[in-house]
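Colleague: Residue numbers (our numbering), protein chains in the order written: chain A, 47 to 512; chain B, 47 to 512; chain C, 47 to 512.
Treat the hints with care, as some may be off.
Where chains are identical, the list cannot tell them apart; a pair therefore holds if satisfied intra-copy or between any two copies.
In silico DSS-like links for lysine-lysine, alpha-carbon gap of 27 angstroms or less [what the hints assert, rightly or not]:
hint, residue 1, residue 2
1, K118, K336
2, K336, K430
3, K330, K82
4, K105, K118
5, K375, K330
Bear in mind the hints are in silico, worked out from the structure with no lab data behind them. Predicted model, so just to flag it, every value in this text is computed and none were measured.
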Amino acid sequence: MNDSSNCFPLQGMESVKPKTVCIFGTGDFGRSLGLKLLQCGYSVVFGSRNPNSSSLVPKGAESLSHTEAAKKSAIIVIAIHREHYDFLTDLADVLKGKVLVDISNNLKMNQYPESNAEYLAGLLPGCKVVKAFNTVSAWALQSGTLDASRQVLVCGNDAEAKEAVMEIARSLGLTPLDQGTLLAAKEIENYPLQLFPMWRMPCYVCAVLTVLIFLYCLVIEVFYPAATRKEDTSYLIVITIPNRVFPIVSLILLAIVYLAGLIAAIIQLYRGTKYSRFPDWLDKWMLCRKQLGLLALAYAFLHAIYTLVMPIRYYVRWAWSNYQMTQLKSNETYPLSNYYAWLSDTYVALGILGFFFFVVVGITSLPSVGNAVNWREFNFVQSKLGYLTLVLSTAHTLVYGGDRFIYPTFYRWYLPPSFVLSLIIPCAVLALKFILIMPCLDQRIMKIRQGWERKSKITNSSSLKI
Amino acid sequence: MNDSSNCFPLQGMESVKPKTVCIFGTGDFGRSLGLKLLQCGYSVVFGSRNPNSSSLVPKGAESLSHTEAAKKSAIIVIAIHREHYDFLTDLADVLKGKVLVDISNNLKMNQYPESNAEYLAGLLPGCKVVKAFNTVSAWALQSGTLDASRQVLVCGNDAEAKEAVMEIARSLGLTPLDQGTLLAAKEIENYPLQLFPMWRMPCYVCAVLTVLIFLYCLVIEVFYPAATRKEDTSYLIVITIPNRVFPIVSLILLAIVYLAGLIAAIIQLYRGTKYSRFPDWLDKWMLCRKQLGLLALAYAFLHAIYTLVMPIRYYVRWAWSNYQMTQLKSNETYPLSNYYAWLSDTYVALGILGFFFFVVVGITSLPSVGNAVNWREFNFVQSKLGYLTLVLSTAHTLVYGGDRFIYPTFYRWYLPPSFVLSLIIPCAVLALKFILIMPCLDQRIMKIRQGWERKSKITNSSSLKI
Amino acid sequence: MNDSSNCFPLQGMESVKPKTVCIFGTGDFGRSLGLKLLQCGYSVVFGSRNPNSSSLVPKGAESLSHTEAAKKSAIIVIAIHREHYDFLTDLADVLKGKVLVDISNNLKMNQYPESNAEYLAGLLPGCKVVKAFNTVSAWALQSGTLDASRQVLVCGNDAEAKEAVMEIARSLGLTPLDQGTLLAAKEIENYPLQLFPMWRMPCYVCAVLTVLIFLYCLVIEVFYPAATRKEDTSYLIVITIPNRVFPIVSLILLAIVYLAGLIAAIIQLYRGTKYSRFPDWLDKWMLCRKQLGLLALAYAFLHAIYTLVMPIRYYVRWAWSNYQMTQLKSNETYPLSNYYAWLSDTYVALGILGFFFFVVVGITSLPSVGNAVNWREFNFVQSKLGYLTLVLSTAHTLVYGGDRFIYPTFYRWYLPPSFVLSLIIPCAVLALKFILIMPCLDQRIMKIRQGWERKSKITNSSSLKI
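Based on the provided sequences and hints, a complete structural model is requested.
Modeller: Written out as structure tokens, the structure is:
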């Protein structure tokens with residue numbers, strides 16, 4: 047890199063190349079990495095206890111004893127298990143001043159009190175330990191299908207050593223991301239063991255809501271007719287009841303997404319500053335809003351399809367046909383009711399438009415789309431269009447309710463119809479938002495978010511932007 | 047970075063690290079940036095008027111007077127408002143030769159005649175001014191959620207200074223993009239204030255078309271029955287009429303997308319070269335084709351759902367049921383008409399296939415998908431599949447029309463049915479395209495696009511590719 | 047870049063800048079690249095036979111003879127056709143030690159025995175040839191719309207020279223990707239001529255299956271009634287039969303995706319190692335699983351819409367209405383059958399859920415989404431959710447079949463109903479998977495995939511991860 051950008055005295059650089067990387071350990075990952083390095087023009091030297099069993103070593107690489115191999119390169123990849131690290135202390139002299147790349151992973155999270163990289167740095171204080179490559183899969187390196195793991199999280203206390211390792215990652219076609227000092231090693235070692243940590247809480251909330259609403263609907267739609275009229279409506283469990291649960295949970299989740307921001311604004315208003323931290327639960331809530339929103343979108347999607355298949359379902363067709371038969375037998379034809387036509391079309395149209403804007407918001411949640419817009423645009427879509435979605439969905443539910451109230455829907459066992467449940471939080475959120483966008487409060491929040499503090503002492507060099 | 051790639055003489059580099067960055071101003075963005083720099087292993091020195099009010103400064107950073115702070119680092123981030131820039135002239139001596147990073151934003155576009163960065167460069171001619179970081183949100187830096195603003199647009203007259211700043215951006219996990227000299231500063235300062243500038247014209251065109259077609263349909267479907275038959279068909283406004291407007295506008299927009307390319311080809315044919323610039327309106331039109339296409343896709347999506355909900359709507363069910371009743375009373379049963387079965391299924395199938403290919407084209411518009419294919423593949427999808435979509439959609443409308451012509455659809459008030467409007471531009475585009483792909487013209491266009499000119503003088507070293 | 051990261055002695059770097067790039071050839075791509083370089087702060091010198099015809103050269107660039115121009119820069123972009131390369135041998139002296147950037151493309155794949163870059167390196171053994179920029183379109187460079195071609199594939203034998211060229215690519219806002227030594231040049235030169243090479247085999251498989259299943263359905267649903275009952279059911283060709291073909295082919299393709307992995311596991315189990323290569327056909331199959339899966343998703347999407355439009359189709363409405371009429375005339379009303387209600391709703395619900403999870407798996411196939419998750423998460427979605435999709439879809443078909451078996455569906459001409467065909471491979475895959483996840487086999491496979499070999503000799507430094 048150094049001689050390259052001002053690459054005019056290109057003479058004399060032959061002495062440096064080809065760069066040599068040493069790998070300790072001929073395990074699976076060591077070999078995969080070695081092969082990839084060879085393919086990208088590096089010289090590779092393997093250090094192992096049995097340098098002669100070179101059958102394991104990729105073609106083109108040297109196989110030497112640990113000491114010999116270490117002498118050949120300034121960068122040594124430690125591709126061995128943490129349990130075997132202690133033998134490296136014997137090599138302390140030859141390793142002194144070298145860059146050691148710790149690529150190890152554990153079998154479970156927080157398996158050891160300190161990270162493998164920090165443990166290594168403790169064993170060999172004379173070395174520059176860099177944590178890297180543990181997030182990359184050996185199989186992906188071999189097969190070249192690096193779909194999921196092109197990112198190499200790197201950390202280390204020595205900036206130059208870190209940069210040298212990042213440079214290697216870059217030349218392998220990977221994307222190194224500097225994560226700071228070796229303190230980050232623990233997090234980096236946990237990373238490949240994570241399974242959607244940000245999704246855990248949203249999924250839990252969603253599951254609890256789903257079960258509760260499902261049971262509520264079960265009582266009203268299956269148990270009640272069974273108890274009072276000896277009717278078996280159990281077939282409603284398959285589609286009809288899920289199609290009540292999905293929209294209700296979806297609307298509640300969407301409202302919860304925006305509730306977090308409103309609570310944050312109220313706290314900031316109350317405290318008069320944005321520099322004191324939010325309570326922990328609110329921080330977590332704020333950080334998983336995207337996931338909550340996407341779950342709400344998934345449920346909205348299911349609601350849309352469950353609704354569209356209605357006319358195909360045997361039960362629905364039977365019910366419609368039955369209704370027509372009754373009408374025929376009573377020999378009455380009802381004229382078209384303008385009122386019903388308006389009502390039914392309005393709630394359908396509101397639902398479609400709400401879903402449409404929800405999909406648009408969802409698309410901007412895709413990383414590549416989000417990266418292509420500026421901050422103001424991202425905010426516009428996520429906040430303005432998000433609220434529009436919430437307003438449309440709430441209106442959809444309200445008009446649907448209006449439609450239902452007309453028919454004599456008795457409160458079965460004194461329980462309100464299920465859609466009423468879905469309206470509580472959204473209506474509260476919208477009311478709260480309506481209060482907070484009133485000019486007096488809105489301006490105050492804006493000022494706070496631009497760095498203003500109620501008892502601010504600084505007048506000079508104030509804030510620049512949000 | 048410097049010693050890293052040939053990182054063999056790793057000794058003696060301790061003297062260089064840790065790198066120090068100086069920040070003038072303890073405002074919101076200054077503090078956020080300082081904190082982030084500290085986290086990424088930099089030393090940070092704040093320069094402020096009241097160096098003792100260090101409570102504002104992130105833990106771990108030094109707080110000094112402006113002069114003292116400036117001496118500590120070769121890079122000084124100017125995190126103060128443009129209005130306060132003049133006090134920097136007093137520090138001209140100490141700032142001489144340093145890299146000044148202008149991170150300021152304005153409150154509105156083109157607020158000042160020259161950009162803040164150029165103004166700063168004018169005040170301090172001895173400094174190397176680099177514009178950067180203004181596109182990053184302080185909040186995003188703090189919270190680590192850099193979804194929308196990972197890109198750092200950088201510009202400056204001094205290449206090394208610019209590279210130094212880009213290096214810092216990279217080590218903060220951001221993506222620096224070199225935008226050239228300080229002339230680009232104005233654009234970079236306007237960037238965060240933009241709200242979908244490329245979408246403005248397409249949205250405007252789309253809105254105008256939507257309103258016009260809506261009014262046209264309103265006249266035909268609501269005013270006409272009201273005037274001639276005293277019928278109240280106002281309920282059609284909610285779904286039926288939008289479901290005419292959406293497909294019509296969608297098809298027109300899609301045709302407009304491809305019309306731009308055809309006009310460009312004709313101009314190139316006429317001029318016999320591709321090196322003279324297109325008229326301004328065509329340039330703009332060409333550049334917003336993607337947005338026009340995505341709006342067309344959005345309308346097609348809405349058309350699809352508005353159509354699929356038909357059987358659920360009260361009005362539609364009433365109409366179908368009514369029709370059946372009439373049939374019953376007249377005691378006639380119509381046998382299945384093979385002709386109608388073909389016609390109805392054909393236009394539905396054409397619509398579905400058109401929509402399907404439209405969605406495929408839309409998916410390749412996602413930045414990450416577009417980046418994963420080569421130029422030829424991108425062209426294939428956007429051009430070939432795009433035209434297939436246009437052909438299928440036009441055929442869909444024509445067959446639909448065919449279906450309608452059979453019923454005695456009188457021209458109400460001498461106005462043609464609304465779908466006829468949607469066919470004019472698409473048919474013209476397809477006819478034009480058909481002419482232009484005739485071998486004689488097609489070959490000529492190909493040659494022109496490869497750099498050939500009608501009165502070309504160069505024979506040596508001709509063009510290499512399109 | 048060099049002095050920048052330790053950018054404290056910023057003095058004395060004025061001597062190096064601005065960097066100069068020389069371009070041989072004033073063709074289309076040469077001029078576009080030159081203009082872009084100028085915009086990004088480089089000095090550009092064009093070398094051509096007629097240095098005076100500078101009208102072709104972008105404003106701000108110098109135009110000199112080849113020899114003069116070559117002397118000005120260490121990096122020379124060879125923007126001329128391969129056919130003219132031989133004249134460069136005359137300049138061998140002046141070009142000695144320089145970096146030559148070969149940007150040429152061919153008109154068809156593998157046009158010449160060796161790549162253009164290797165040919166150039168052979169002509170001028172004293173030069174450092176780097177292949178780059180051929181994947182970038184001149185038009186995209188000019189217009190700035192680099193949607194599809196931001197990636198610059200780079201290869202070369204000299205690491206420093208390569209890095210210098212990658213540096214230039216980076217400063218033009220492009221993304222250089224190191225592809226190794228000059229051996230990769232052939233592949234890089236073929237790259238822009240590729241048209242979805244990974245999609246070829248999947249599309250072929252999909253097309254063959256589609257045609258076969260279509261013909262099978264045609265026999266059963268059109269030829270059989272025509273032959274036995276003289277009934278014309280040809281209108282079924284438009285939607286009804288495609289809507290049988292789509293789900294059948296989709297399910298088979300989805301099963302084929304997972305069959306590859308199962309066969310690979312069986313081979314690994316049998317061989318007792320993962321280090322011997324798979325047979326070629328299996329390798330290819332493994333590599334195009336993503337494409338097969340996406341085709342299956344596309345067909346599932348079409349199946350979903352073709353099903354949802356059912357109630358809108360004239361034929362379906364006629365059939366339903368006809369059925370109702372018959373019922374009326376016979377004066378019978380059938381009560382709601384709980385059994386049918388369960389059956390019909392169950393298969394619809396299974397289909398919807400299967401489609402839903404399929405869409406989720408499809409979304410993680412987007413490059414930007416796949417990049418944002420770690421390896422374990424990617425595997426979870428692609429493997430666990432993928433199998434869930436397969437199970438749900440197979441169950442959907444089985445329950446649908448169950449529904450059909452009830453009606454007296456005679457085996458027409460001894461042919462089983464078409465859906466039976468779709469069940470063979472999925473059921474086989476699920477049965478095989480069920481066997482392979484039994485603990486004894488599963489543990490063995492896990493061990494093998496972590497690098498264990500049946501006759502393993504290494505005990506030290508074993509594998510680190512999958």
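Colleague: Could you run down the list of hints and mark each one as holding or not?
Modeller: Hint by hint, here is what the structure shows:
{"no.": "1", "hint": "K118 to K336", "verdict": "neither (49 angstroms within a copy, 42 angstroms between copies)"}
{"no.": "2", "hint": "K336 to K430", "verdict": "both (15 angstroms within a copy, 23 angstroms between copies)"}
{"no.": "3", "hint": "K330 to K82", "verdict": "between (40 angstroms within a copy, 20 angstroms between copies)"}
{"no.": "4", "hint": "K105 to K118", "verdict": "within (18 angstroms within a copy, 42 angstroms between copies)"}
{"no.": "5", "hint": "K375 to K330", "verdict": "neither (61 angstroms within a copy, 65 angstroms between copies)"}
Checked against the numbered hints above, the structure breaks hints 1, 5 and satisfies the rest.
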